[in-house]
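Novice: Given the structure of chain C, go ahead and fit chain Y onto it with the hints provided.
Chains C and Y, in that order, are what the protein sequence lines are. Under the working numbering, the first residue of the first sequence is numbered 1, with each subsequent residue one higher. Under the working numbering, the first residue of the second sequence is numbered 1001, with each subsequent residue one higher.
Some clues are possibly wrong.
Unchecked claim - Each pair of labels, with its calculated beta carbon distance range:
| id | chain 1 | residue 1 | chain 2 | residue 2 | range |
| --- | --- | --- | --- | --- | --- |
| 1 | Y | LYS1105 | C | GLY567 | 41 to 49 Å |
| 2 | Y | PRO1039 | C | ASN188 | 27 to 35 Å |
| 3 | Y | PRO1208 | C | ASP399 | 33 to 41 Å |
Because the hints were derived from the structure by calculation, they are not lab data. Glycine included, each C-beta is placed from N, C-alpha and C at the ideal position.
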Amino acid sequence: MVKVSEKIAIEHGLKSDEYKKICDLLKRTPNITELGVFSAMWNEHCSYKSSRKHLKKLHTKGDQVIQGPGENAGVVDIDDDDAIVFKIESHNHPSFIEPYQGAATGVGGIMRDVFTMGARPIANLNSIHFGSPDHEKTRNLLRGVVKGIGGYGNCIGVPTIAGQTCFDESYNGNILVNAMTLGLVNKNKIFYSKAAGINKPVIYVGSKTGRDGIHGASMASAIFDDKIEEKKPTVQVGDPFTEKLLLEACLELMAGKSIISIQDMGAAGLTSSSIEMASKGDLGIEIDLTKVPCREENMTPYEIMLSESQERMLIVLEEGKQNEAKKIFDKWNLDFAVIGKTTNSKNIELFFKNEKVAEIPIDFLAENAPIYDRKWIKAKLPKENNFSKEQFKSLKLGDCLKKILIDPNIADKEWIWDQYDHTVMGDTIQKPGGNAGVVRVHGTNKAVAASVDSSATYCHAHPLTGGKQVVCESWRNMISVGAKPIAITNCLNFGNPEKEKNMGEFVECVEGITEASKYLNYPVVSGNVSFYNETKDKGIKPTPSIGGIGLLSNYKEMMTMELKNEGNYLLVIGKTEGHLDQSVFARNILSEFNGPPPEVNLFNEKQNGMSILNLRNKNLIETCHDVSLGGILTAISKMSIKSGKGVKLFLLQGLVNKFEYFFGEDQGRYIIEIKPENLENVENMLKKDSIHFDKLGLVEGNKITLENDLKLSIDDIKEGYKKWLKEYMVN
Amino acid sequence: MKSSVIIFPGSNCDRDMDVALKKYGFKNQMVWHNDVEIPKSDLIVLPGGFSYGDYLRCGSIAGKSKIIKSVIDFANSGGLVLGICNGFQILTETGLLPGILQQNKYLNFICKNVFVKIKNKENKYFKKIKKEILELHIAHNEGNYFCSKDELKSIEDNDQIAVTYCDHEGNDDEKNNPNGALKNIAGIFNKDKNILGMMPHPERMIDPFLSGEDGSLFFENLIESL
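Just chain C, same shape as in the assembly (with noise of 0.2 Å):
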């Protein structure tokens, strides 16, 4: 057996001083298993020792929220006792290193989550972010983790709705992929992690264990560098058919009354999720390992304590029910063993061929494990950028139109959710491509809403503003659909907490967002936190992803972004004043890279969101489109490829600038459809609400024009915007 010392110590990612507090809570030194599972549970993945003290900020209340962070998932209540469970997760790391079985695992990670609450999985989401297109991996890494994410959803049959995919250079070396998943559960069957009484029957269910993915948690808080790709065998492997069978075994489980509590073997295998169905129980945990079922010959307790060999959970049964689970389990031909009991003992006690192997009081891994108050430095907000006539002088608004349609942000993404099953459960009514995602509630009138949305660009020119702009960009996509926003999840992807730079942009991120939500009562209500997303130096731009889900009490009433009819006018909600710096028109066009992100306005957010809402509500809106990256005539454009309709666009009186106005990126706007007919009443009840508007245009023809300046084919601005990616992929 190994000799445990501070130098092997190191070497699983603790520091000398957290090596140091181990022994002197244990008073002595760990041997190898134990300082395994110490290194698991404190690593940054899974302690949040460096977040953790500001993620207590988080608004994370409301009336609709049955279960904020700190379980599996997030609940939320829906009406009628039923209830979304929801989370987004990272799995950042294994991604980079494999991508397909890391896209993959990442999709079968997240699913368990949620249906380890009870939950049917009804759509998947991610959001995925690559380096630039012109770096060497990109491509084949892209390529990588859309098969990933298709092959594990698609196999389970959840459908994937909808989902984000940016290219920036900063991710050049650390890819991010985020997975959603949403769940429908009755909110009187929810199930939760936290153990009770004593000598309950530990039960482990679903794949063998393996060598595969053992310290994946450790790997996902380490800093890459050039040999990162020798760590492949840590990531895991994936298996979507024995997931779905784990998930129908586990719901068929559910239904009757034997579990007391279910946890998903995730990052640290054996180990986190033991440790915190007791922790959670205030209890202790005994396991013989040697009843563990394993695939590989001759594993060591601190290999199958740290495995993260996938499709496995771990059950406490009430008492007598081990023989009715059995055939179940027996039934979906998924191995099931009891492997150890909960005790009184607070403390985790690991066995292996009776033999005593580990014995560490739990508090020392959950409660006392570090936590940090890491250094760290505001953000300026960066100088306005004073943009001279003269550059606009020589721009043609349909020439710039063309080349921001193929910036590889704004590009079709059809390539990409093609390769995704969203159809299947038969209750997708809005597919990838629209404001958000939306499924049926199946068999009721209700549906449900769900987008991700990330804005690095913003983030990383101010945070504490990007952080409060996406929150408000994924409630926009809610409205636009015509859904109640309800509630968020969050994914922090962050460079080095170490580094005071990295540390503030996380800090002002999430008060960002925390101020965001609260005023917008859209509370967060699950989410991770994935720091050290860096090679070499050179960490990424900060990436909060927002998870946002609403209701649509009847989904007859969903909107779509598609235009309508001929002779329809189209109107502007919210004020343009046409912020062009961080803009995609200023990259693209002027190559201009600084200056701040456009303000927000939660006042003016709040309240042209609700005055859509109300005025979809009256019936009176035909199409709803929020106006976000590229600005007015992106969205514009985007409306008449999708429907294949155009748009006379209307020169406004005293306009000084008509790149600012139509690529400008200002918030809280949203581009309205309306019947010549309620046109009056319309602009009467949106001044009555002080809500300002432009009247933008009329829905016209097969063209995209303004006056002498602008005269576009739909089939022009479509060529370029539909087959940016398709070319890039095939190249």
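Specialist: Here is chain Y on its own, set in the frame of chain C:
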């Protein structure tokens, strides 16, 4: 009319099929793959999904499953057997339908709406459908139909091609072939036309709020023809 949907452990379109069959008036029952007997039925459906994970050739293990003998007996006695997507793959694995389904030509999973042209209406599956072209939905990784020259000749001689991929005007040429299938074949019959295997999913197109409604025509005809 009674129908039975066979559930393999990795089936994932079983519920969708159940919903569709019931919507159009079938009394549907679900049958577990480990059962031996199938309750009395007018129609047996093998739904889409990943039967036993399909890590081996798609549908190959299902083609040897416990329930499959009853399906084969039922089909051989003239009973109606419909295989959608993975169900089509299983039917080729059992030999009830000729040919195989290879991986899609461009090696990607494809999920999208497609048009198919009905090639033969002299059967219970398409008899009373008034349209010639249907808009349906595909979602598969292995839908690239292939068979030997002799088999193809026999398929063509016996009018066994059921539906082919085409555009909205019915052009079933290579340009409108999403997965590389031989002759754009999206679905075929056995010689007696009581067995139909097809890649597109009519059960996903039964509601104007879903991808479309042409799937309704398929089920409406089916219940009427039986």
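Novice: If a hint holds in the structure, say so; if it doesn't, say that too.
Specialist: Hint check results:
1. LYS1105/Y with GLY567/C: 41 to 49 Å: 44 Å, holds
2. PRO1039/Y with ASN188/C: 27 to 35 Å: For ASN188/C against PRO1039/Y, whose Cβ atoms are near 34 Å apart, the range 27 to 35 Å holds.
3. PRO1208/Y with ASP399/C: 33 to 41 Å: Holds: the Cβ-Cβ distance is about 40 Å, inside 33 to 41 Å.
When each numbered hint is compared with the structure, no violation occurs for any of them.
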